[in-house]
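Since the structure of chain L is already known, use the hints to place chain V on it.
There are 2 protein chains.
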Amino acid sequence: MAQLRLALAQVNPTVGDLEGNADLIVEWTRRAAEAGAHLVAFPEMMLTGYPVEDLALRTSFVEASQRTLEQVARRLADAGLGDLPVVTGYLDRRADAPARPGRPAGAPLNALAWLHRGRVAVRSAKHHLPNYGVFDEFRYFVPGDRLPAVRVAGIDVAAVICEDLWQDGGPVSVTRAAGAGLLLVINGSPYERSKDDVRLELAARRAREAGCTLAYVNMVGGQDELVFDGDSMIVGPDGRLLARAPRFTEELLVADLQLPEAGSEPLPREQPVRAADGATITVERTVLSPHPVPPYEAVPPPVAPPMDDLAEVYAALVLGVRDYVRKNGFRSVICGLSGGIDSALVATIAADAIGAENVHVVLLPSRYSSGHSVADAEELVKRQGLQARTVPINPMVEAFERELHPSGLAEENLQARVRAVVWMALSNQHGHLVLTTGNKSELATGYSTLYGDSAGGFGPIKDVTKTMVWALARWRNEQAVAAGQVPPIPQQIIDKPPSAELRPGQLDTDSLPEYHVLDALLDDYVERDMGRDALIAAGHDPALVERVIRLVDRAEYKRRQYPPGPKITGKNFGRDRRLPITNRWREPSAG
Amino acid sequence: MAQLRLALAQVNPTVGDLEGNADLIVEWTRRAAEAGAHLVAFPEMMLTGYPVEDLALRTSFVEASQRTLEQVARRLADAGLGDLPVVTGYLDRRADAPARPGRPAGAPLNALAWLHRGRVAVRSAKHHLPNYGVFDEFRYFVPGDRLPAVRVAGIDVAAVICEDLWQDGGPVSVTRAAGAGLLLVINGSPYERSKDDVRLELAARRAREAGCTLAYVNMVGGQDELVFDGDSMIVGPDGRLLARAPRFTEELLVADLQLPEAGSEPLPREQPVRAADGATITVERTVLSPHPVPPYEAVPPPVAPPMDDLAEVYAALVLGVRDYVRKNGFRSVICGLSGGIDSALVATIAADAIGAENVHVVLLPSRYSSGHSVADAEELVKRQGLQARTVPINPMVEAFERELHPSGLAEENLQARVRAVVWMALSNQHGHLVLTTGNKSELATGYSTLYGDSAGGFGPIKDVTKTMVWALARWRNEQAVAAGQVPPIPQQIIDKPPSAELRPGQLDTDSLPEYHVLDALLDDYVERDMGRDALIAAGHDPALVERVIRLVDRAEYKRRQYPPGPKITGKNFGRDRRLPITNRWREPSAG
Numbered sequence: 001m002a003q004l005r006l007a008l009a010q011v012n013p014t015v016g017d018l019e020g021n022a023d024l025i026v027e028w029t030r031r032a033a034e035a036g037a038h039l040v041a042f043p044e045m046m047l048t049g050y051p052v053e054d055l056a057l058r059t060s061f062v063e064a065s066q067r068t069l070e071q072v073a074r075r076l077a078d079a080g081l082g083d084l085p086v087v088t089g090y091l092d093r094r095a096d097a098p099a100r101p102g103r104p105a106g107a108p109l110n111a112l113a114w115l116h117r118g119r120v121a122v123r124s125a126k127h128h129l130p131n132y133g134v135f136d137e138f139r140y141f142v143p144g145d146r147l148p149a150v151r152v153a154g155i156d157v158a159a160v161i162c163e164d165l166w167q168d169g170g171p172v173s174v175t176r177a178a179g180a181g182l183l184l185v186i187n188g189s190p191y192e193r194s195k196d197d198v199r200l201e202l203a204a205r206r207a208r209e210a211g212c213t214l215a216y217v218n219m220v221g222g223q224d225e226l227v228f229d230g231d232s233m234i235v236g237p238d239g240r241l242l243a244r245a246p247r248f249t250e251e252l253l254v255a256d257l258q259l260p261e262a263g264s265e266p267l268p269r270e271q272p273v274r275a276a277d278g279a280t281i282t283v284e285r286t287v288l289s290p291h292p293v294p295p296y297e298a299v300p301p302p303v304a305p306p307m308d309d310l311a312e313v314y315a316a317l318v319l320g321v322r323d324y325v326r327k328n329g330f331r332s333v334i335c336g337l338s339g340g341i342d343s344a345l346v347a348t349i350a351a352d353a354i355g356a357e358n359v360h361v362v363l364l365p366s367r368y369s370s371g372h373s374v375a376d377a378e379e380l381v382k383r384q385g386l387q388a389r390t391v392p393i394n395p396m397v398e399a400f401e402r403e404l405h406p407s408g409l410a411e412e413n414l415q416a417r418v419r420a421v422v423w424m425a426l427s428n429q430h431g432h433l434v435l436t437t438g439n440k441s442e443l444a445t446g447y448s449t450l451y452g453d454s455a456g457g458f459g460p461i462k463d464v465t466k467t468m469v470w471a472l473a474r475w476r477n478e479q480a481v482a483a484g485q486v487p488p489i490p491q492q493i494i495d496k497p498p499s500a501e502l503r504p505g506q507l508d509t510d511s512l513p514e515y516h517v518l519d520a521l522l523d524d525y526v527e528r529d530m531g532r533d534a535l536i537a538a539g540h541d542p543a544l545v546e547r548v549i550r551l552v553d554r555a556e557y558k559r560r561q562y563p564p565g566p567k568i569t570g571k572n573f574g575r576d577r578r579l580p581i582t583n584r585w586r587e588p589s590a591g
Numbered sequence: 001m002a003q004l005r006l007a008l009a010q011v012n013p014t015v016g017d018l019e020g021n022a023d024l025i026v027e028w029t030r031r032a033a034e035a036g037a038h039l040v041a042f043p044e045m046m047l048t049g050y051p052v053e054d055l056a057l058r059t060s061f062v063e064a065s066q067r068t069l070e071q072v073a074r075r076l077a078d079a080g081l082g083d084l085p086v087v088t089g090y091l092d093r094r095a096d097a098p099a100r101p102g103r104p105a106g107a108p109l110n111a112l113a114w115l116h117r118g119r120v121a122v123r124s125a126k127h128h129l130p131n132y133g134v135f136d137e138f139r140y141f142v143p144g145d146r147l148p149a150v151r152v153a154g155i156d157v158a159a160v161i162c163e164d165l166w167q168d169g170g171p172v173s174v175t176r177a178a179g180a181g182l183l184l185v186i187n188g189s190p191y192e193r194s195k196d197d198v199r200l201e202l203a204a205r206r207a208r209e210a211g212c213t214l215a216y217v218n219m220v221g222g223q224d225e226l227v228f229d230g231d232s233m234i235v236g237p238d239g240r241l242l243a244r245a246p247r248f249t250e251e252l253l254v255a256d257l258q259l260p261e262a263g264s265e266p267l268p269r270e271q272p273v274r275a276a277d278g279a280t281i282t283v284e285r286t287v288l289s290p291h292p293v294p295p296y297e298a299v300p301p302p303v304a305p306p307m308d309d310l311a312e313v314y315a316a317l318v319l320g321v322r323d324y325v326r327k328n329g330f331r332s333v334i335c336g337l338s339g340g341i342d343s344a345l346v347a348t349i350a351a352d353a354i355g356a357e358n359v360h361v362v363l364l365p366s367r368y369s370s371g372h373s374v375a376d377a378e379e380l381v382k383r384q385g386l387q388a389r390t391v392p393i394n395p396m397v398e399a400f401e402r403e404l405h406p407s408g409l410a411e412e413n414l415q416a417r418v419r420a421v422v423w424m425a426l427s428n429q430h431g432h433l434v435l436t437t438g439n440k441s442e443l444a445t446g447y448s449t450l451y452g453d454s455a456g457g458f459g460p461i462k463d464v465t466k467t468m469v470w471a472l473a474r475w476r477n478e479q480a481v482a483a484g485q486v487p488p489i490p491q492q493i494i495d496k497p498p499s500a501e502l503r504p505g506q507l508d509t510d511s512l513p514e515y516h517v518l519d520a521l522l523d524d525y526v527e528r529d530m531g532r533d534a535l536i537a538a539g540h541d542p543a544l545v546e547r548v549i550r551l552v553d554r555a556e557y558k559r560r561q562y563p564p565g566p567k568i569t570g571k572n573f574g575r576d577r578r579l580p581i582t583n584r585w586r587e588p589s590a591g
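Chains as they are written, first to last, in full-length UniProt numbering: chain L, 1 to 591; chain V, 1 to 591.
So that you can see chain L by itself, here it is in the shape it has in the complex (with noise of 0.2 Å):
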C-alpha cells in the first residue's frame, strides 16, 4: 500500500467567469500544496462555472475556455506549484467531429484535464450525458470514450465526471479493469432534498463495483435557479464514508488515504475495454510521479455530521439568495411585507444571506389590511433591523377605480398590481434586487396575481410549500432561541390564519383547502407525476382531485412568467417541468 494525502476542494466559481475561476483554481491549489496535498482535485466545469447551457454552442466560448486552462497550467507552475497535480474540469470540443443534423455545434465536450508542471498532461471528457430534469447535455455536448489512468505518487487514479458515477456501465464500469487503486469523481451535482443519502449509498456501491476508493468533488454555491451544496465525500472500496465536508460552504477537504501501490510491469499506454454499456471505453494511462511518497504520519479526516433535513432546505435558501444577488452584481434587495409568513420568511432568508442592513422591506397596506398585519410587519422590522418604508396604496388604487371601476378578482388584482408598481419603482430608483415572496403551493394553484406579487426577480420560496414554509420559520426562531437570541419572526405571524387581505375577511382557505391537505396531493401530482386514478387510489380526496389537477393545470401559464428561485425539490416549475401551455389534457375520470 502507498500513501497520498487527497485534497478536494469544494469551491464556488460563477458561470461564465474563466479568469475569476481561473484565479480560484489557482489559490485553492496553493491551500492544497500549503496542507501537504499530494494530488488535488476540482469539480466539473470549474473553469466555466456550470451549467453554461448554450454557450457551450458558441465557438469563442469554447475557445476561451481551452486557452485559459493552459494559462491555468502555466500560472500554477510559475506559481512554484507545478508539481502537485491538478484535476479540473473544464469546457472543450472534439476536434474531429464533422458537423451533422442532431449534434451539439461544434462537438463540445464536457471535459476534465490534469495538470502538471506547466501543461494539460491528460484530458478525457463525460461519457455518459443526463438529459432529465434540469439537465439538457445531450443539447450541448457529444459524449466522451476514455478513461484516463494517471499514477500519481505510484498509485493509479483513474477520474471520471459526475453523470457517469450515476448511470451504469462507462467508465465507472472499467475501472477495476484498469486496476485503479483511486476512483476520483468530479461533480457539478445541484441540491436535492435528501439528495445527500442517496449519494452516499450510490458513492459506496460504485466503490465496491470499482473495487477501490472512491473520492468526490462536488461545486457549492448557487447559479440561478440551481444551488449546488458541496458535500464532497471519500468513501473506501468497501464502502465505508471516511470522509466527508460540510454543506453550503466551500472547504478544502484533506485526507490522507491508505491506497494500493501500482504494479511495476509495463502496461500498454491505451488499452479498449468493453464497457458493460455497450460502449468502447478507451484506458489511456499517464505516469506523473512513478514512485510512492516517503511514509509519514497520516491525520484522520473529517467527517462533517449530516444536517437535518429543515437545516439543509434553510442553508439552500440563504445560499441560494446570497449567490443570486451577489454573482449578478446587486447589494440590496428589496421586497413588499404584508404581516404574513411568506413575507416575513423571505425577508428573513434575505438577512441571514446579506444582512438586514441591505433588505429594504416596503409596508404596503390597503383599505383591506388589518392592523395587526402592520403591527406585526412592524415587529419583525424592528427585531431584524431591517430598512422600512410604508407606502399606503389608496391613493393609487383609487386613480385606477375612478377610470376603470373593476370589481371581483379584477378589483383584488388590482391592489397586488399597484403595490409591484411601487416596489418596481424603488428598485429602479435605488437599484435593489426585488425578491417575490410567493410560495410554491400559491405557485402551483395560480393563487397569486401576475405582474402583483409575483412580480420580481428572484423568488427565494419559489420551491416551498406552504407548509414547509411555516416549518421553516418555526426552525428559523428555535435556532435563535438555542444561541440566546430574540426569534426573529414574531410568534403571531407563524400563528395566524394565513389570508391575502386583498377583500374585507378573506382567507386562504375560502379558495384553499387546508394546506397540509393540498401539500401532500400537490407533491404527488407535481413531483411524482401521478394521474387521477393514481391519486385518488393513493387516498386523496376524490373532488379534491379533480379541482386541484384543474387549478394546477390552468396555472401553468402563470407559471412560465414567474421568476426564478433556488431549487430544493425533484420539482420545481422551472425547467424539470415543462408543460405546454396550450394543453387541453384533462385526467380522465374513473368512469
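Derived from the structure by calculation, the hints contain no laboratory data. It is possible that some hints are incorrect.
Claimed, not checked - Stretches of chain L that chain V covers, calculated by requiring three or more beta carbons in the stretch to come under 8 Å of a beta carbon on chain V: (1) 52-63; (2) 99-111; (3) 413-419.
For every residue, glycine included, the Cβ atom is placed at its ideal position computed from N, Cα and C.
Only chain V this time, still in chain L's reference frame:
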C-alpha cells in the same frame, strides 16, 4: 407498376385533446375515402398533438393515448372506413424497458400506427430523437428500431417519423434494402423562415437515396410558441416535386401515384438490417392488401406555388395568434395602442386572426404622448373597426409620483407599468387575452419595461425584428391596395421615426442605433452565435459590437420573463436559446 391514390391529411390537432384529435382522424379519413383514396396518412403525434413535453412522462397520458388509438381503429371500422388503411402518429411506450437512470420514465415512444379493419395492424417508433433548437426528445422518448414495410394495394409502403428523414442512417437508410415502393414520412415540423426550400431539397435527396417516391405529411397550426406550417408534399424517386399542399391551412392533399408493384416471392416477416448509423433496424413486413387496384384514370395532383417571404411570415403570425386564442379558450384580445408601428401591426394581425370585432385596443395617452400619436391610433381604429377605449394615465401616474418622486428610468418605467395595470384590469374584468406589442429588436436589447409594455399573455411579434415590422406593415397595406381595399395601417404610422414617448422628444435612436444596423448585428450575434471577433470580422462596427453584446447579455433576465409568441426564426429566445441568467461571460477583447 401499380396505381395508388394517396391522401395526406394536413390537419390541426391540439395538444392533450385526445378526443378532439381522434375526431379529426375519423373526419379526415372519411374525406379521404370520399376522395377515393387507397391510403391516408396523418402527422406525427396526431393523436396527442405535438409537442407534448412532460405529458410523455405521465403514465395516465400514455395509457390514454394507447387506449384512444384502439378506439379510433374501431370507430373507423364502425363508420365503414375500416378497409382504408390509416397511418397516424401517437404516443406509445416500450413495455420491455426497465427503469434506469437517464431513461425517460415509462420509456415513451414517439410512435406510428397503421390502422386497418378495426385494429392496430402495425406499430413502430421514431429512431432519431432530435434534441436541439425547440426539440428535447431525449428527455421524453426512447428510440425505435423497426421499419414497417406494409403492403397496400400491392405496393410495399415504408413509414418513418420526421427526424428520421433529417438525420443520416436509421430506418430511411434501410428503405432501399427493404424494397419499398413508397416512403411515407409523418411530421411535426415547425415553421421557420425559408424552411420550405430546405424541406423540399431534403425530401428530394432522401427519395433518391431510398430509390422510391417519398410522401411527406406535416401538421398545421399553432402550439404555444410553435407554428406548424403544413407544406405537405410528394416527390418522385428522382427527387422531382409531384404534389404540394398550400401552407398554414388544413388541407387534404390527394395524389394519384404510379408505384412499383411488390414482387410475389415470399419475404421474411422480420429482417434485421444494419443501418448507416451503426444501429440495427428490423424491417417488419405486413400485408394489408396484396393486389393492385384495378386501373383507373389518374388526375394530376395539385402543386401549390411557393409563398413569398413576407407572406409566409405574416401567415405564421396570424395563425399563431388565432390558434393561441382559440386553443386556450379565449374569444377576444386586448392590447395597448400607442400610435406607433408595433402596436399597429399587432392589432392588424389580431384583426386578421380573429376579426376586428374581437380586438379591443386601449389608447393610454400620457403627458408625453404627441398629438399625432393619438390621431394616428384613432385613424387605425376607424379603418379596421376595432373596439377602442381611451384611458388617460396622468391621474394614476401622479398618484404614484406624489408618494415616490421617481426620476429618470424609474419615471419612464412607471408610465409603462401604469398602462399594463390598466390593460390587465380590463383583461381580468372582461376575459380578453392580453397581447404584448414588443418586437424582437427591443426584446434582444432590453429596450422595454418589465411588467410594463412586456406584460401580457402572448407576444405576436416577439420574434420579429423592427426592420421586419415595417416590412410586414408595408406588405399588408400593399395586399389591401391590390385587393381594392383601404390599407389597414395609416402611412403616417409607418413613416414616422420610432419613439417610446416616455419623456419629451424621446426617439429610439437616442438609445439604440438605426434599426437596419442593429438588426443585422442581432442576426449574427443571436441567430448565428458569432463571437465578438467574428462579428467585427464580418464588418460590424467594433464599438457597436461591444455595446450590443453587453445589451443583449444583460437583457437575458428580462427575456426569461417575457410571454411566448409565435416562432419564426432559428432562435426566438424561447427554449431554443437558453442562456444562464447569472453569467459573467463577456466576449474577449481583440487585443
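To see whether the hints hold, each was checked on the structure:
| no. | hint | verdict |
| --- | --- | --- |
| 1 | 52-63 | holds (count 9) |
| 2 | 99-111 | holds (count 5) |
| 3 | 413-419 | holds (count 4) |
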